[in-house]
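Let's have the full structure, built from the sequences with the hints guiding it.
The primary structure of each chain is shown beneath.
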Amino acid sequence: MPLLDISQLKKTFIAPDGSKHTVINVKNFSLADRAQVALAGESGSGKTTLLHLIAGILKPDSGSVIIAGQEMSALSESQRDRLRATTIGYIFQTFNLLQGYTCLENVLLGMSFGPGADRTFARELLERVGLGNHLKHFPRQLSTGQQQRAAVARALANRPKLVLADEPTGNLDHKNATEALSLIRTACHENGAALLLVSHDREVLAQFETVQELERINQTEMPEEGKT
Amino acid sequence: MTLWLIILRSLRQHALSTVITALSIALAGGLLMSVWVVKEQSQAAFTGVNGGFDAVLGARGSKLQLVLNSIFHLENSPGNVTAADYLDIKKNPGVALAVPIAVGDNYHGYRLVGTIPEMFEQVEYAPGKHYELEPGGRFFDPARKEAVAGSFVAQKMGLKVGDTFHPYHGLIFNEKDQHAETYVVVGVMKPSNTPSDRVIWIPLEGLQKMSGHDPNMATEVSAVLVKLKGGGAAGFRMDMMYNRQGDRLTFAWPIAATMTDLFSKISWFDKVLALVSYLVALVATASILASIYNSMNERRREIAILRALGARRRIIFGAIILEAAAISTLGMLAAFVFYWAIMTGATAVIRAQTGIVLEPFQFNLVMLWAPAALIALGAVAGVVPAVKAYRTDVAGHLVPSS
Chain A
1 MPLLDISQLK KTFIAPDGSK HTVINVKNFS LADRAQVALA GESGSGKTTL LHLIAGILKP
61 DSGSVIIAGQ EMSALSESQR DRLRATTIGY IFQTFNLLQG YTCLENVLLG MSFGPGADRT
121 FARELLERVG LGNHLKHFPR QLSTGQQQRA AVARALANRP KLVLADEPTG NLDHKNATEA
181 LSLIRTACHE NGAALLLVSH DREVLAQFET VQELERINQT EMPEEGKT
Chain B
1 MTLWLIILRS LRQHALSTVI TALSIALAGG LLMSVWVVKE QSQAAFTGVN GGFDAVLGAR
61 GSKLQLVLNS IFHLENSPGN VTAADYLDIK KNPGVALAVP IAVGDNYHGY RLVGTIPEMF
121 EQVEYAPGKH YELEPGGRFF DPARKEAVAG SFVAQKMGLK VGDTFHPYHG LIFNEKDQHA
181 ETYVVVGVMK PSNTPSDRVI WIPLEGLQKM SGHDPNMATE VSAVLVKLKG GGAAGFRMDM
241 MYNRQGDRLT FAWPIAATMT DLFSKISWFD KVLALVSYLV ALVATASILA SIYNSMNERR
301 REIAILRALG ARRRIIFGAI ILEAAAISTL GMLAAFVFYW AIMTGATAVI RAQTGIVLEP
361 FQFNLVMLWA PAALIALGAV AGVVPAVKAY RTDVAGHLVP SS
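Chains as they are written, first to last, in this note's numbering: chain A, 1 to 228; chain B, 1 to 402.
These are computed hints drawn from the structure, not numbers from a lab. Quick caveat, the model's predicted, so the values are computed rather than measured. Be aware that one or more of the hints could be misleading.
[Unchecked claim] Cut-off 20 Å, straight-line C-alpha distance, at most; resulting in silico cross-link-like pairs (EDC-like, lysine to aspartate or glutamate):
| id | chain 1 | residue 1 | chain 2 | residue 2 |
| --- | --- | --- | --- | --- |
| 1 | B | K160 | B | D141 |
| 2 | A | K59 | B | D393 |
| 3 | A | K161 | A | E124 |
| 4 | B | K388 | A | E77 |
| 5 | B | K265 | B | E75 |
| 6 | B | K227 | B | D88 |
[Unchecked claim] Sample of chain A residues at the chain B side, in silico, Cβ under 7 Å:
| id | residue |
| --- | --- |
| 7 | Q36 |
| 8 | I57 |
| 9 | L58 |
| 10 | S62 |
| 11 | D81 |
| 12 | N96 |
| 13 | G100 |
| 14 | Y101 |
| 15 | L109 |
| 16 | G110 |
| 17 | S112 |
| 18 | F113 |
| 19 | G114 |
Cβ coordinates follow ideal geometry from the N, Cα and C atoms, glycine included.
Here you go:
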């Protein structure tokens, strides 16, 4: 049984003019345990919405998302939060580090809602991503590349089975992007987590053995500007 | 741990508004506790102070004025009592002790009270407590121009044994009204925490015969302080005799009832003060609501990130409620500083004006219920922003989207 199994997943948004736009219409998609897959999609192709649906941040209109044997849409919001806290790690394009918290606290928060705070493991993760000397640094005191590494450490803090990465190198220069991508892949591999990365960057996608075109699996008939 | 970390970081991120809001809570809490304690303690003190007497006999007039003048050394004397009336009540079989006092002079605004040595020898101003002197002093000789200074007067005027002074005529100090007589201080009283600390005691005759006083009134006294035998029955008889059957004199009995009447007459003032305190508390609580609510827009992204990390809605809701309660708690801790400041001022003013000493650090239940109430109100004030936080659209605030 795959780690992630999506079928007949639909999400529609209502535009300000009242018209309905189907942003996600995925018939079938699956991801094996420990697999690393990249989804290629241009801006506005619904990449973020798909990841939000997988993470349980958004609820689909229909269809199913099964993660580690649990059907997301059958769960209450609180149960979805719990599943996200214990099973999923999320890396954002803009890192989304909490600005008022130190590096260490950001990582601790990544595990607090799931398995519980483990300072030793949090330190270990930060050391592994090269931030062992920046535990008490606030995000604003870090370079962009360091912030992304902190975000990677936080995404792995809850020992997830699945890491979702949304344009994780979008805000990095070429050198940092290459390093970050390598770090994400290695860290997921070492932690036994599957990785689903979405990007429009062909250089990033070229690093993956398995790349799927989002437009192929997301069969919507909508204007580009309607997608989010 | 997580919840406290979120709260502490949020308080730190909004440090300025946290401090200002906590200070407004502190002011409200300090004010509320001060008003409450001053009200309760002053009422207890004024109704509890009787100088060791049961009643006061004075000129026909207000019982309250008579008690304020003769026991609390406030207000003007309502008039005089003749020597015959004094001797008459002294001989009354229902009277254990009758001590005459005479007022009408001052020393730099502090009253001179003429009396007889029995005031110091026989009177217990509180159960088991006699007036005592600081070492090196003695009570005055009634035949000489000698004075015993109350502790507060001695401290304020720097009077000590051996000092001399000229009394001034009237109860209000006017340097042109100096009497020719010279009095020598022979004793300084130990603090009694009663209005007696604010007066200078001199012999009765000395005040009666002070130069410039009407010689025709030289045998009269301002009031007679009365200790009854057998309590209620004697008091009731004399109340009938002086107040109902007679029409020349007023017999204020019991003293505490007269003061209780005063407090019931001015209870509206307490209520106004309490109302003001409650309103200040409400405004302070509303400021918690406003400060957190106004910061919700900037917090939404943070809330969305926390939710994306797996924080449940109820954790976010609880964090905001606890943050509001924490601001209140910080405020209430600081409220005790405000309370100390307000009470230090109030205690000094009340002591200077009445001689009554309040004890601001004596435990009062308000020190428990006021903090509890304000912390609870603070938490309630957090409900509106907490609901807003609870409803935060996670996906919509995890920018940017692609």
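Q: Could you check the structure against the hints above and give me the numbers of any it violates, in ascending order?
A: When the structure is compared with the hints, numbers 7 and 10 turn out to be violated.
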